[in-house]
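The task is simple: from the sequences and hints, build the whole structure.
For the protein sequence lines, the chains are A, B, C, D and E, in the order given.
Residues in the first sequence are numbered consecutively from 1, following my numbering.
Residues in the second sequence are numbered consecutively from 1001, following my numbering.
Residues in the third sequence are numbered consecutively from 2001, following my numbering.
Residues in the fourth sequence are numbered consecutively from 3001, following my numbering.
Residues in the fifth sequence are numbered consecutively from 4001, following my numbering.
In short, the hints are calculated from the structure, not lab data.
Treat the hints with care, since some could be wrong.
What the hints assert, rightly or not - Calculated pairs, DSBU-like style, for lysine-lysine (alpha carbon to alpha carbon, straight line, at most 30 angstroms):
1) B/K1360 <-> C/K2362
2) E/K4066 <-> E/K4199
3) E/K4362 <-> A/K133
4) C/K2294 <-> B/K1361
5) D/K3199 <-> E/K4230
6) A/K294 <-> A/K363
7) C/K2256 <-> C/K2164
8) E/K4160 <-> A/K361
9) B/K1362 <-> C/K2199
10) C/K2164 <-> C/K2199
11) A/K362 <-> B/K1294
12) C/K2111 <-> C/K2256
13) D/K3256 <-> C/K2294
14) D/K3363 <-> E/K4294
15) B/K1363 <-> C/K2360
16) E/K4362 <-> D/K3363
17) E/K4256 <-> E/K4160
18) E/K4111 <-> E/K4230
19) C/K2133 <-> C/K2199
20) C/K2133 <-> C/K2066
21) A/K362 <-> E/K4360
22) C/K2363 <-> B/K1294
23) D/K3360 <-> C/K2362
24) B/K1360 <-> C/K2360
25) E/K4111 <-> A/K111
Said to hold, decoys possible - Just some of the chain D residues that point at chain E, by a computed CB distance under 7 angstroms:
26) D3261
27) Q3268
28) N3279
29) S3281
30) N3296
31) S3306
32) P3311
33) G3313
34) N3322
35) S3328
36) N3331
The beta-carbon is built from N, C-alpha and C at its ideal position, and this holds for glycine as well.
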Amino acid sequence: MAFPTFGQKRRRKRRSEKAKRSEVGAPPGELVADPEAEASTLSVFGIGNGRHERIENTDIETALAKREEWPLVWIDLSGLSDIDLVRRIGSAFGLHDLALEDVVNTDQRPKCDAYENHTFFVMRMIDTEGRSKQFSMFFGDGFVLSFQESKGRDFEQVRKRIEKGAPRLHTGRSDYLAYALIDTVVDTYFLVMDPLTEKIDRLEEEIFEDVDVVQVPELHAMRRDLLHMKRLIRPTRDALNALIRLDRPWLSEETKVYLADVQDHCDQLIDIDDTYRDNASGLVDLHMTLTAAKTNEVINLLTFVSAIFIPLGFLAGLWGMNFDPTISPWNMPLTQSPFGYPIALGIMLVIAIGLLVYFKKKKWI
Amino acid sequence: MAFPTFGQKRRRKRRSEKAKRSEVGAPPGELVADPEAEASTLSVFGIGNGRHERIENTDIETALAKREEWPLVWIDLSGLSDIDLVRRIGSAFGLHDLALEDVVNTDQRPKCDAYENHTFFVMRMIDTEGRSKQFSMFFGDGFVLSFQESKGRDFEQVRKRIEKGAPRLHTGRSDYLAYALIDTVVDTYFLVMDPLTEKIDRLEEEIFEDVDVVQVPELHAMRRDLLHMKRLIRPTRDALNALIRLDRPWLSEETKVYLADVQDHCDQLIDIDDTYRDNASGLVDLHMTLTAAKTNEVINLLTFVSAIFIPLGFLAGLWGMNFDPTISPWNMPLTQSPFGYPIALGIMLVIAIGLLVYFKKKKWI
Amino acid sequence: MAFPTFGQKRRRKRRSEKAKRSEVGAPPGELVADPEAEASTLSVFGIGNGRHERIENTDIETALAKREEWPLVWIDLSGLSDIDLVRRIGSAFGLHDLALEDVVNTDQRPKCDAYENHTFFVMRMIDTEGRSKQFSMFFGDGFVLSFQESKGRDFEQVRKRIEKGAPRLHTGRSDYLAYALIDTVVDTYFLVMDPLTEKIDRLEEEIFEDVDVVQVPELHAMRRDLLHMKRLIRPTRDALNALIRLDRPWLSEETKVYLADVQDHCDQLIDIDDTYRDNASGLVDLHMTLTAAKTNEVINLLTFVSAIFIPLGFLAGLWGMNFDPTISPWNMPLTQSPFGYPIALGIMLVIAIGLLVYFKKKKWI
Amino acid sequence: MAFPTFGQKRRRKRRSEKAKRSEVGAPPGELVADPEAEASTLSVFGIGNGRHERIENTDIETALAKREEWPLVWIDLSGLSDIDLVRRIGSAFGLHDLALEDVVNTDQRPKCDAYENHTFFVMRMIDTEGRSKQFSMFFGDGFVLSFQESKGRDFEQVRKRIEKGAPRLHTGRSDYLAYALIDTVVDTYFLVMDPLTEKIDRLEEEIFEDVDVVQVPELHAMRRDLLHMKRLIRPTRDALNALIRLDRPWLSEETKVYLADVQDHCDQLIDIDDTYRDNASGLVDLHMTLTAAKTNEVINLLTFVSAIFIPLGFLAGLWGMNFDPTISPWNMPLTQSPFGYPIALGIMLVIAIGLLVYFKKKKWI
Amino acid sequence: MAFPTFGQKRRRKRRSEKAKRSEVGAPPGELVADPEAEASTLSVFGIGNGRHERIENTDIETALAKREEWPLVWIDLSGLSDIDLVRRIGSAFGLHDLALEDVVNTDQRPKCDAYENHTFFVMRMIDTEGRSKQFSMFFGDGFVLSFQESKGRDFEQVRKRIEKGAPRLHTGRSDYLAYALIDTVVDTYFLVMDPLTEKIDRLEEEIFEDVDVVQVPELHAMRRDLLHMKRLIRPTRDALNALIRLDRPWLSEETKVYLADVQDHCDQLIDIDDTYRDNASGLVDLHMTLTAAKTNEVINLLTFVSAIFIPLGFLAGLWGMNFDPTISPWNMPLTQSPFGYPIALGIMLVIAIGLLVYFKKKKWI
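Right, dumping it as structure tokens:
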């Protein structure tokens, strides 16, 4: 049997990574590259004054130079194998050692850390197969730095909206761009949640139709996956809450309204998640009870057949005994009578009907 | 078997809608019409100075023009297919893009958003078949804008009360009208809750009378529906709480007393919901235990019959063996004796009675 | 089987009442008499300056007139069929429409509403059969107005204490009288809780002695009733808390100490309730496990008997076959030997003992 | 079977006492002696200026007189039958009527009530058999008044420490003495908790070794007793918290550090309690599953034996039928053949082996 | 069967220790050595001005003398049998009696106590076999005092980082060293959590493959161990929170950022713990349901075999009866007919097929 494993393996690896780190005793703040990390690709976006410039696959010098040219620069690093690159970005923008360590250690919980000159925001992206990857972002006055565990087309829509000249993305403020990235990630959660809930609805219908043991591990996997989703979304919601309450010059009230909207989406997701987890738990109970009822029915049949035919079989056995009827009339009565056999059958029939009536009355069958 | 599905399908559709939105990458604040949305109908009510004017099926220009004529104007839009109409109302009253998006995306959780010049309130209406539809409302100084997912006679009573000249509805203030609409929606929850609780009370009586497997999925459906209700009512209560705490010139202290009364109704509903969900959970346990007890009884019967008649059948089998009694007296004892048969029956009877007494003593039967 | 239904039916009726109200669309604040309400009886108590005057079955004019004569007047209305009476009391003391509606709609949750000139307090009285009725009370400067759903001797002791000249009740302040009424209602909860807890203790002893299926619905009913009690007591406690925190001239610090004592009683009741509900849940589990153990024992017996006698019966069947032993010695061995029968029996005995030893070793019996 | 009943009966009596009080309608603050209360014994301790004086079994006049002589006087009353004594102590120290009522009504929850001139603290002492008795204490400037439901040697160690001249107890301040008494009571909880946890650890080992139905009610009793303990300790902790937050001249910051230490002990006890209750719940589940597994094994045996031997028995029955083989060769085949019997046995053996292989393959055995 | 006992025995001993303490009536603040405590070893580290000095196995005088020489002195005591040593350190640094008692009583919950001149921090170290030992630490202006229940190499990495000249550890401030020690302890939690979670993932796969009763106690042990871990980590997290909120001159804002990072790690651990405990609970349910399904299947087989062959056996028994067919044609029909036997077999076959079809239709098999 193959059951959904929704990001099981990736989670496994990561945890070991953290444990290994403490095994080798890496001091806090020291960046240790994950040997399995994806190759790094750097891209940079300069935005402002109604114009924009997009450079893909560039090097760090070019990227940092753009900072002088544009009111807002968005540097995106996909793949985290190049630790040195991370370190250089960190020193160029004055990022805290611990925050950089969190960027590289890709098993962080979603969170929002407030530093003096920038805000650090960590989220997790999930694809429909349940693989989750870390998305970390620093943003401050005039810059957004995004770090993705692996390259994907996740933010292509945001890039296109910039290129199409969406006015809010061209104000040169970093907060709305940061919002757009966060919003994009949260939106993908709906794409992941949808097939999960559909599956549970389908399972519910199936169980209502006919209980089957294969539904049980599926229900278990659904519950586990929904729990996994919730453990991603709830801290994301809390991080958004912390972000909205932050008082920083690069965070405008106007953008906070948009961030509150993302928070609403998280609430909606948590709501759906809770509803479906409760439903899945109810389905586990339902399955258990329906299975027990099925067993019941089968045992009823067994009991019915046994309770009728075992006594009758005993009676037949009695007349099958080899007592000599010729010695005395006490032995094997009826066997020598011309109507003995039909009378015996009659007796059996009467007993069978009597038992049936008795069981019916006792509501055993 | 047909089980209640209480709004299952509608919920399903909506979720997909949201996921689809994020699939096509619609930017935040952009209104996307749901292709399945109902046709839009606009009606307008002008109220004030002891008079009122009601116009049904009007166009947007007429509706907006009434704003100048009357102290309080209530514009109601049923059916949300005409996105342009929504957009024009939005720009006429200065509504926020995100709020308008929430009006059109009809899968919002109940909430209260406070904007500078108006308050945005979202609720869900439920009909007795469990279909839920969204009701969103903006109200501010001199206007109430209500948006319903589909046309219904839900607010006919409020309209009649205005027409009958109810004094509180003729003050020209928007808050009491908004309260009247909210109150009407919450009142319908009682109409939905009532048959649910009645059904559970009936199920309880049925289970007390005789457990049956068909009660299990019904109990499951009841629990799911009650949970669904609670997930509607609790955020409605929170939204009301937020509304009462708001400090806006168009929200009078006097009306807040009325809103607190609606909040009390929500508390009452949550209380009933919790009580009945706890009761339903208890009934699931009860059902399980009573079913197990029934199985027990049947297994007891099976054991009783088997434990008496299988040994007796074996005895009868012994005397049915074909050892030749004529060769030696050791073979087939009693079979050649004149009273062998009644003696054999006597032995069987003694064994049967002995077993019966033994089982009785062991409390197995 | 007859099971306790602890106020089930009354609760049922009330809920329908509320739903009906929203069906007919009664506007908020409009008093609608319950057609099943009890006939109204009015009594009035004038207290102050060391004297008192008690008038039973009086009319509204007399009652209101007493207000001028006495520092403290206590008007008590039992039975709520006379809506007009309620309305006149309301207008005489300036009571809020919504509060009056709550008086007449006798399915309120316990609560404390603070108005400018009076405090509104709602509780529920329970009799030992689990019927709950509403007790609402207004009190302010110089007056206590109490409304009971049905006439009872519940406050007779308070009346007697006034007549005996209890000093605290003769100060002419309304708060201590209000406290005395609240205290009386909470005290009756102990009278209801006591038989419930006794029943669970008795059930526990019974289950420890011998599990029986009839205990299951009793446990269910106990749990439901304890839950019902808790849903009455917890909001009462919260209402008391709100009352103690109120700052009104007619609420003295001294009386608040007494109200805190009632709150302690509520805490005690909630504690007892929680303990016994947890215990009842534990008993449900215990019952389930002990029943399963009993089934186990019976199945063990069935298996034991079957596993011994079915194989032996087969052996006897073998020797009961009608192969002709005279044709060849291969057919029906032993049957023609003089000691065939005892040898056959010996073989069976050996097999039976062997199986017994094997089962014993496997700990199956 | 005799199961632990951990203070069941005492709790029972007390509850009835409270209910009876409300039955007779005793007004609040009136002291009603429990007819079963223990005889009162008064002892007094004068402490201060490095000296101390201990008088056992004294009368109230002597005890009150000591108040003038010593900076700190500790009056201890064991047994609460002498209501008048309680009343006189109350009036001598200006204690509130309601607090005195709580002293005499020995079913209070642990709590801390703050009065103007004294602090009232209620706890419950437990002995290892689970009997709980009330300990109430008033302390203020220069006095500690302790009331025990029954005489015990519980505070002998505190008395000895005073007599040995422990410096902190000789400062003449009441708070440290009060702390010492509270600490002594909380310390005894460890003595009660220890055998409980040991029993659960032992039960866990037993269940791991062999499940037995007698473990179930023991687990139930353990869970109930741990719950009972928690319901004592948690409010004690809350009362300590309230005490530490109090601002009274007779409560020094220094002593509050000690009280916080007792609070830590309560936290530790709650932690142990929670851990063991969770463990006991897990053991109930474990027991259920292991019992089900045992049933499973037995049913497997039954099925195995039945599925092999019932078909074989049928075959033997076929050859035991009395069709006349001499009439036609179609009747009773093989029975007239010289090797019919071994062939028949061979057929049966093949069927038996075939079934065994089939069951093995299906993993049914 | 041997099951993991994860620190069971050590926990047991400790609890008894505390109870014993209250048995002998040791007054609060008095240090009582645990007779089983490990021998004490003292080591001291002087750090500051870019240099450092490490002395192992020294005596108390040397250790205290270093305090004058170095800006920061770290005294570490492993093994707590030498009570006098603890007492002398206590008086040298002015530590509170109650804190010292907590150092020696090695069953404390993790906590942070704030004293005037130093901060007291208690944690628990766990090794991979689940043995937990107490780590207590005082730190203030220029000193860190660490106490370990038993000697281990736990802090060797911190010592090496000091010796390698890690800049943050050479500032001469105590807070970063304290942080380094706390961080080291929390890091080891990951090493303990990792095999636990791996085991559950492995168990999940095993259960998905084939349910077996031995998985049940393993699941129970996993749940218990995860709960044990959580009870360590959650109060550690709270203690860290308290530490971060403290306002003391020796606690810099800069170090608090690092402490917040440790808090994040605790959150991560709690998250993993919660996820895996929920998963383990789900697996217990899954196991139960799959086992029930297996029983079901076996009972189905039993019923199938019995329901087919018991009636057929009865039929065969009928024809095995010894009625005399020669007396009348009514006796033993077919037995004297040439095709009687095949006809009888045919009848049986028809009945068997009929039953099969019926069962199939009823979905019983």
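How the hints compare with the structure:
1. At roughly 27 angstroms between alpha-carbon atoms, B/K1360 and C/K2362 fall within 30 angstroms of each other, so this suggested pair holds.
2. Between E/K4066 and E/K4199 the CA atoms are separated by roughly 47 angstroms; this puts the pair beyond 30 angstroms, and the hint is violated.
3. Pair hint E/K4362 plus A/K133 does not hold up; C-alpha atoms about 50 angstroms apart against a cutoff of 30 angstroms.
4. Between the alpha carbons of C/K2294 and B/K1361 the distance comes to roughly 15 angstroms, so the proposed pair stays at or under 30 angstroms and holds.
5. Under the criterion of a C-alpha separation no larger than 30 angstroms, the hint pairing D/K3199 with E/K4230 is consistent with the structure, at around 23 angstroms.
6. For the suggested pair A/K294 and A/K363, the alpha carbons sit about 17 angstroms apart, so the restraint of at most 30 angstroms is met.
7. Between C/K2256 and C/K2164 the alpha-carbon distance is near 24 angstroms, which keeps this suggested pair within the 30 angstroms criterion.
8. The hinted pair formed by E/K4160 and A/K361 fails the criterion: a straight-line CA distance of about 84 angstroms is larger than 30 angstroms.
9. With a C-alpha separation of about 28 angstroms, the suggested pairing of B/K1362 with C/K2199 holds against the 30 angstroms cut-off.
10. A hinted pair counts as satisfied when its Cα atoms are at most 30 angstroms apart, and C/K2164 with C/K2199 does not qualify at roughly 38 angstroms.
11. Pair hint A/K362 plus B/K1294 holds up; C-alpha atoms about 11 angstroms apart against a cutoff of 30 angstroms.
12. At roughly 17 angstroms between alpha-carbon atoms, C/K2111 and C/K2256 fall within 30 angstroms of each other, so this suggested pair holds.
13. Annotation: proposed proximity of D/K3256 to C/K2294 is violated, straight-line Cα distance about 56 angstroms (limit 30 angstroms).
14. For a cut-off of 30 angstroms, the pair hint linking D/K3363 to E/K4294 stands: about 10 angstroms separates their Cα positions.
15. For the given pair, B/K1363 sits about 22 angstroms from C/K2360 by alpha-carbon distance, which is consistent with the 30 angstroms threshold.
16. At most 30 angstroms may separate the alpha-carbon atoms for a hinted pair to count; E/K4362 and D/K3363 meet this at roughly 25 angstroms.
17. With a CA separation close to 23 angstroms, the supplied pair E/K4256 and E/K4160 stays within the 30 angstroms bound.
18. The straight-line distance between the Cα atoms of E/K4111 and E/K4230 is roughly 14 angstroms, inside the 30 angstroms bound, and the hint therefore holds.
19. As the CA atoms of C/K2133 and C/K2199 are separated by approximately 23 angstroms, the hinted pair is consistent with the 30 angstroms bound.
20. Restraint check: the Cα-Cα separation between C/K2133 and C/K2066 comes to about 28 angstroms, which is no more than 30 angstroms; the hinted pair holds.
21. Taken as a hint, the A/K362 and E/K4360 pair is honoured in the structure, with Cα atoms around 27 angstroms apart against an allowance of 30 angstroms.
22. Taken as a hint, the C/K2363 and B/K1294 pair is honoured in the structure, with Cα atoms around 27 angstroms apart against an allowance of 30 angstroms.
23. Between D/K3360 and C/K2362 the CA atoms are separated by roughly 19 angstroms; this keeps the pair inside 30 angstroms, and the hint holds.
24. Proximity of B/K1360 to C/K2360 is assessed by CA-CA distance (about 24 angstroms); at most 30 angstroms being required, the pair is judged to hold.
25. Straight-line distance between C-alpha atoms of E/K4111 and A/K111 comes to about 25 angstroms, which keeps the hinted pair within the 30 angstroms bound.
26. Here the hint on D/D3261 is kept, as its CB sits about 5 angstroms from the closest CB of chain E, short of 7 angstroms.
27. Taken as an interface hint, D/Q3268 checks out: its beta carbon lies about 6 angstroms from the nearest beta carbon of chain E, inside 7 angstroms.
28. Hint on D/N3279 holds. Least Cβ distance to chain E is approximately 6 angstroms, under the 7 angstroms limit.
29. With 7 angstroms as the threshold, the beta carbon of D/S3281 stays out of range of chain E, its nearest partner Cβ sitting at about 10 angstroms, so the hint is violated.
30. Satisfaction of the interface hint for D/N3296 is found here, the shortest Cβ-Cβ separation to chain E being roughly 5 angstroms, below the 7 angstroms cut-off.
31. Annotation: interface hint on D/S3306 holds; nearest CB of chain E at approximately 6 angstroms, less than 7 angstroms.
32. Annotation: D/P3311 was flagged as interfacial toward chain E, and the flag holds, the nearest CB pair being 5 angstroms apart, inside 7 angstroms.
33. Because the beta carbon of D/G3313 sits about 6 angstroms from the nearest beta carbon in chain E, less than 7 angstroms, this interface hint is met.
34. Annotation: interface hint on D/N3322 holds; nearest CB of chain E at approximately 5 angstroms, less than 7 angstroms.
35. Hint on D/S3328 holds. Least Cβ distance to chain E is approximately 3 angstroms, under the 7 angstroms limit.
36. Contact between D/N3331 and chain E, as hinted, is supported at the beta carbon level, the nearest pair being about 4 angstroms apart and thus within 7 angstroms.
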